[in-house]
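We have chain H already, so just place chain V on it with the hints.
The primary structure of each chain is shown beneath.
Protein chains: 2
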Amino acid sequence: MKYSKLFGKATFDSSKDSKFASYNLLIKGGFIRESSAGRFFFLPLGWRVHDKMKAIIKEEMDATGAQEMLVPTLHPLGLWEETNRTNSVGFELMKIKDRNGAEFALGGTAEEMFVDVVRKLHLSHKDLPINLYQFSNKFRDEFRARGGLLRVREFIMKDAYSFHTNEEDFLKEYEVMAAAYKRMYQRMGLEALQVAADNGYIGGEYCHEYQVESELGEGRFFVSEDGKYSAHEDIAEFECEEKNSNEELLEYEEVDAIRGTTMEDGVKFHHLPLWQQIKDVLFATESGELVLAIIRGDLDVNEIKLAHAIGAHTLRHATEEEVRTLDTEPGFISPVGLSGKVKIIGDTSLRTVVNAYGGANVLHRDALNINIDRDYQLDLETDIAMAQPGFKTRDGTSTLVEKRGIEVGNIFQLGYHYSKKMKDATFTSESGEQLPFYMGCYGFGIGRTLATVVEKHHDDRGILWPASIAPYQVHLISLQGGEEQAAVVYNKLQTAGIEVLWDEREESAGVKFADADLLGIPTRLIVSKKTGNQVEWKARTDEKSELISLDECLNRCGNS
Amino acid sequence: MKYSKLFGKATFDSSKDSKFASYNLLIKGGFIRESSAGRFFFLPLGWRVHDKMKAIIKEEMDATGAQEMLVPTLHPLGLWEETNRTNSVGFELMKIKDRNGAEFALGGTAEEMFVDVVRKLHLSHKDLPINLYQFSNKFRDEFRARGGLLRVREFIMKDAYSFHTNEEDFLKEYEVMAAAYKRMYQRMGLEALQVAADNGYIGGEYCHEYQVESELGEGRFFVSEDGKYSAHEDIAEFECEEKNSNEELLEYEEVDAIRGTTMEDGVKFHHLPLWQQIKDVLFATESGELVLAIIRGDLDVNEIKLAHAIGAHTLRHATEEEVRTLDTEPGFISPVGLSGKVKIIGDTSLRTVVNAYGGANVLHRDALNINIDRDYQLDLETDIAMAQPGFKTRDGTSTLVEKRGIEVGNIFQLGYHYSKKMKDATFTSESGEQLPFYMGCYGFGIGRTLATVVEKHHDDRGILWPASIAPYQVHLISLQGGEEQAAVVYNKLQTAGIEVLWDEREESAGVKFADADLLGIPTRLIVSKKTGNQVEWKARTDEKSELISLDECLNRCGNS
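Chains H and V are the protein sequences, given in the same order.
Our numbering puts the first residue of the first sequence at 1, with every later residue one more than the last.
Our numbering puts the first residue of the second sequence at 1, with every later residue one more than the last.
Hint data in this document are derived by calculation from the structure and do not stem from the laboratory.
Since the structure is predicted, the reported quantities are computational estimates derived from the model, not experimental observations.
It is possible that some hints are incorrect.
[Said to hold, decoys possible] Computed cross-link-like contacts, PhoX-like style, restricted to lysine-lysine with a CA-CA straight-line distance of at most 20 Å: (1) V/Lys456 with H/Lys126; (2) H/Lys126 with V/Lys2; (3) V/Lys403 with V/Lys456.
One chain only, chain H, in its complex shape:
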């Protein structure tokens, strides 16, 4: 490709720079361009990278025996109603009606569509297992787009769905997919951590995210120092330190407490430790039901764990008015006496403390020596706590370290979540019965991963593409007097099947070098009056260049 005719060239306009290196470099390098917020044009250079990533994913998926196919982008809304996901989907589902009034969802994920096509084909146990995948546009009506390709509203995803006769067979595939994902990221120059996560609106019981460590990432997760445990903050577990639970129970009493409404106000007023205070947080579910979460004062409520515990899709903090409907007072809530009026969910940490203190359901009245079971009862006692760095792992043998990362993919156990909700999502067993499929699904967003590669592989001059996904292998620069020889080199490289971008413009060496550094193609070749029959070879990651013969050059390119 001659650079003069390439659509989308390097530009050093930094007027739109953001804190995201990937956004800045991909825009400046002419890889992408914004259409509307969160929707991007892939220019030819960016599309070549995207294509190579797609090819790697396809190779790895095909090697596992997965089969590529395609489902329509417009999903009949009735399918999403079968699984009740029109109500539960975490991202806002985009819906559309056609001229005949038929309603569709713009596919944001395609579980229902794959179950639908599979049930249409009436499979038997002999046809199983199968793993079906597609590359297709996904639509997410995100409230805010962010960071260029890192959080977008439209993107191409590889999504795969596997169908099994039972859990045992599924677990084998889950391992196969985990291994394939590991290879994909490695081949793209990324080190991705496999982190246990929450299934969210996808459903199912467990899943893993692939996280690439980055301060800019939206994901917060914990790994243990010994490397044996990793989990997203949404689900991370820890061992809760004992406090004073061996002390004697003292008599419950209430006192006047002219104080503010924060936890710190309570600590200051009573001169007691934070952990001895009870933290009471009132939430409302999507249906308006109130739920009181209580937890040890030094811990925070993990809303995802809480939502799962009570089977809610979404939670919000209750308003002060809602608090008062329970005959209590914001800042002075207490579980004592609220049983029966509101569902009370207590964290297991409450067992590590006795003689706790907190509000007394009346403005400027506090209670002392509050004790579980004796003074109040829980409707549910479970883990609803947010992990914190430095906490012990659940088994007590290691310590949690906090990380931030960019989520570049995920694999999900779905179990019977879809096959039991959707009619006839069954196969014929050996004994002739109709049994529901045991399922899994596996997602890979290409654009976000592409941006992540740039976040991890760049310097202050530009991108450093891993050779596996570079838009071209060679960036050939002809300088004054080297044009003829450059044409020879260009043709020889192309004949040898090496992808080469030839900057043949009448620009200065400085301009051309800066453009090459920005674009980040792995090998730079210079042909000028001075290089004669040789070429100057420089790796993008190296500072030194060397003069080599054309044969040696072809040899190196062929092997890179």
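Just chain V now, with coordinates in the frame of chain H:
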């Protein structure tokens, strides 16, 4: 691929058969499956064919220097408003709003999007010409879907858009694209005729469709017997035979005419030839304006030509009530006396006849010896006639033959149609001026072309895929006693890089042969107890099979 695990297998269920062989065979062969009306799942076999067609298109496009990229599926509606296409688009545009209230069109074609990205990059004449293309989902809110993949509501199209400094440069690209299209169809086993057509809602002044002859096609076009002329019925021109225009003009008169309202009623009543009658057809435009089209009685009005002549997007026949608003009568309309009351458009054929007859704008009154200019005036005289088979070509040297075909692609001159409507759609000329781009665009619907290949390449047992786009090259069948040897053959073929589908199921030879014929893979290999160390080779298009060595088999497969 082992057939037992292939998702989507042959079925001989003919309960959903239609008149379209492609639909029946693609469904039965497990290539596609319907999701909702006009939206299809591509199953793995069908997707492999689709992928191979895509690869051919990409190869041919890249060879011309065109650059692949991708624009978002959701087009900001404001872009379509810039070109006023929200009103003029022939197919119903699908629109959607996001949660922030931003409005989008679901891309049905992407002229505005490509102009938008090109103008964002501020090109100069040095960057031109460029031809940019994408493969992407297109949405058409068709009132009726039809014939499986032949008329759908969602499909993958290769659409390309070229940008030039002037018409001369564009014309070169138009020829380059025409040649590339010819090669694409040839490589897919299709003979496609290049037929001049109407630009329709795409805009521009001329274009060509690629039509594959088929009785099932929706397109009607004309070719001249000498092969020099071909044009869609919408725009086909012809030489209008002289009738009696050398005769003396007779005096205009009106007579009582107790007759029906058809042209035939007029012929019978007056015992005069059909061609001497004036055909008057009243139309209404999208804005409700009435337009009277008149033409020689033996010809029909071509509504596309008429719409272009008056600059209307759509036309409909006027109602009887609308006719009467002009103080005339259905079945008795005459241009005489209607000038000024309604716009009158006359076909050039009116010049080939004198002393015409027809209605007199009053029920049961007719006029005789109506003559143009003397008795009535036209607001516009132009070609608004529909061609008919047997008519002479415009230059009179050949005769028109009628054909029906399936439109499998098209190339359009756009000229300045978009660049003059969209702000800043300009490049910097050598002299530093901002000049509008001269443009063209080039479309190729893959799914419809795939179905057309099946229409042209099948027999009563199934599909006969051209090797270039067959899902697999070899259909290996192992029969009882041949399983071990078949595994050897399978592995050798795969190692040699030959795509092979191995039917290793425990089914009868009859079932396996029928499935192989239906699937239509070019080469069938049988390995059984009888074949020993050899294999039985049969081409799908041949009746005879032969026993050959595995080496010979590998040799043949490698060369096919």
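These are the hints, each one checked on the structure:
1. V/Lys456 with H/Lys126: Violated. Lysine 456 of chain V to lysine 126 of chain H sits at ~35 Å, over the 20 Å cutoff.
2. H/Lys126 with V/Lys2: Since the Cα atoms of lysine 126 of chain H and lysine 2 of chain V sit roughly 12 Å apart, the hinted pair holds (cutoff 20 Å).
3. V/Lys403 with V/Lys456: holds (16 Å)
In the structure shown, a violation is registered for the earlier hint numbered 1 alone.
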